[in-house]
Structures are given as C-alpha cells and as structure tokens.
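A.B. asks: One letter stands for each residue in the lines below.
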Amino acid sequence: MSLAFRMAFASPHITATAVEVTEFADLIQKYRVNGVPKTVVDDRVEILGGIPEDAFIAEAIRERMPQA
Amino acid sequence: MLSDTQRQQVKELLDDMVDDVRLVFFTQSFGCETCGDTGRILRVLTEISPRVSVDEKNLVVDKDDAAAYGVAHAPAIVVLQRAADGTLVDHRIRLLGAPFGYEFTSLMDAILLVSRGGPQLSDASLALLAHVTSPMHVQVFTTPT
Numbered sequence: 011m012s013l014a015f016r017m018a019f020a021s022p023h024i025t026a027t028a029v030e031v032t033e034f035a036d037l038i039q040k041y042r043v044n045g046v047p048k049t050v051v052d053d054r055v056e057i058l059g060g061i062p063e064d065a066f067i068a069e070a071i072r073e074r075m076p077q078a
Numbered sequence: 748m749l750s751d752t753q754r755q756q757v758k759e760l761l762d763d764m765v766d767d768v769r770l771v772f773f774t775q776s777f778g779c780e781t782c783g784d785t786g787r788i789l790r791v792l793t794e795i796s797p798r799v800s801v802d803e804k805n806l807v808v809d810k811d812d813a814a815a816y817g818v819a820h821a822p823a824i825v826v827l828q829r830a831a832d833g834t835l836v837d838h839r840i841r842l843l844g845a846p847f848g849y850e851f852t853s854l855m856d857a858i859l860l861v862s863r864g865g866p867q868l869s870d871a872s873l874a875l876l877a878h879v880t881s882p883m884h885v886q887v888f889t890t891p892t
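Protein sequences, first through last, are from chains A and B.
Residues in the first sequence are numbered consecutively from 11, following this note's numbering.
Residues in the second sequence are numbered consecutively from 748, following this note's numbering.
Next comes chain A alone, as it looks inside the complex (with noise of 0.2 Å):
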C-alpha cells in the first residue's frame, strides 16, 4: 500500500487511495474485487498482487508511455 502513497506523494497528478473493502459491496462489484491486494489504476488498468515497485510502476503508467 505505502507504494502507492508513495506515488502520490512524489507525483502532483497522483492520487492514491487505500480501500478496506469489506463494508463496500457496491466497489467489491464495480472493481470486481476477488482477490487482495488488487490495484485498479484510473477504473481500467489492473494489478494483481504485490510486486515490486518497479514492475509496480511501470504497469500503472503503461498507457501513458509515449508510444515508440
């Protein structure tokens, strides 16, 4: 989770939120929760898991990479 703090601390675009699910049906199914941690970056892109913070990054902004 302090990855994703992180993010927005460093970054004035950024940001993070820590959602504790259990008491929200409604985001479980909007966000199609089924596993934890799971990261859901601007309601498309989704990590599953904790890894590393380079891997972590890189796919959180992967569509906002200048395409080559």
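Please keep in mind that the hints were generated in silico from the structure rather than gathered at the bench.
There is no bait here: all hints are sound.
Simulated coverage check for chain A against chain B, where a stretch passes if three residues somewhere in it have a Cβ under 8 Å from a Cβ of chain B: (1) 44-52; (2) 68-75.
Derived DSS-like pairs (lysine-lysine); straight-line CA-CA distance at most 30 Å: (3) B/Lys804 x B/Lys758; (4) B/Lys804 x A/Lys48; (5) A/Lys40 x B/Lys810; (6) B/Lys804 x A/Lys40.
Incomplete in silico selection of chain B near chain A, CB under 10 Å: (7) Thr781; (8) Glu850; (9) His878.
No experiment lies behind these values; they were computed from the predicted model shown.
The C-beta atom is built at its ideal place from N, Cα and C for all residues, glycine as well.
Guided by the hints, dock chain B onto chain A, whose structure is given.
C.D. replies: This is chain B only, laid out in the frame that chain A set:
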C-alpha cells in the same frame, strides 16, 4: 481498542514524526457500521501523539468538503500535512473503510510519509512518474487480514 503493547508500538512509530498531521475523518450518521470504531481509534492516535489531530466531518452534512476531497464513502480518512508555516498540504492520500488490521498499517504508513517525507521512490521510478501529466487515481483494495 489497542492493547498496551500496541499502544507502545504506535507511540514508538509516531515519536519519529516531523511535521504535524491532520486527519480529516468523514463519518456518516446512518448505514455506517464501522464509523464509530474508526472515530474511536483516530481519537486514540491523538491521545498517543500531540502531532496528530482529527477534523471530523459528516459525509452528508459536509458534502462540499467531501466533494473537494473526492470522498464518496464513509468511513474515509484524508491525510494532510501541516507544514511548518501552519498551512495544510494535501498530498492526495486517502483511506476508505475501517482502519483495522492491514488498513491500520496503511494508516500509519500514510501518517509517517506525510509527516517525514520519506522513504522516497527510486530515481528510476521518479523518472517513470514524470510521464504522468494529468490526473491519475490509484486505488488499492485490501481486506483486514
């Protein structure tokens, strides 16, 4: 709420704070099972450390504040830094749901990050984040255990 041992562990962590931290806590009068306990645990944090303060808001009554912080559920906690000159700085770090179990660890991480400004990401990570030039929302879903 917290055992004596847990209180001591939390105190040791919070003793390392540098800047004060303001927790904006959004509660709801009806239909929120964990809002009461969340408020209680946040008050315990303010008892443990004078550097932590809580500003309680109601999701329905204070809807303008909720909208300003992008909060649509309760309980929710927005973690703000009180800078040396007294201004509150929003680093866009929020927690949704009850801060128990794993989420409590996340809350402590958020408080220490905002208060101390570290640990930082690697230079390679910061270079990647420079590509983010418009709003991005990262949500991490967890359960208490």
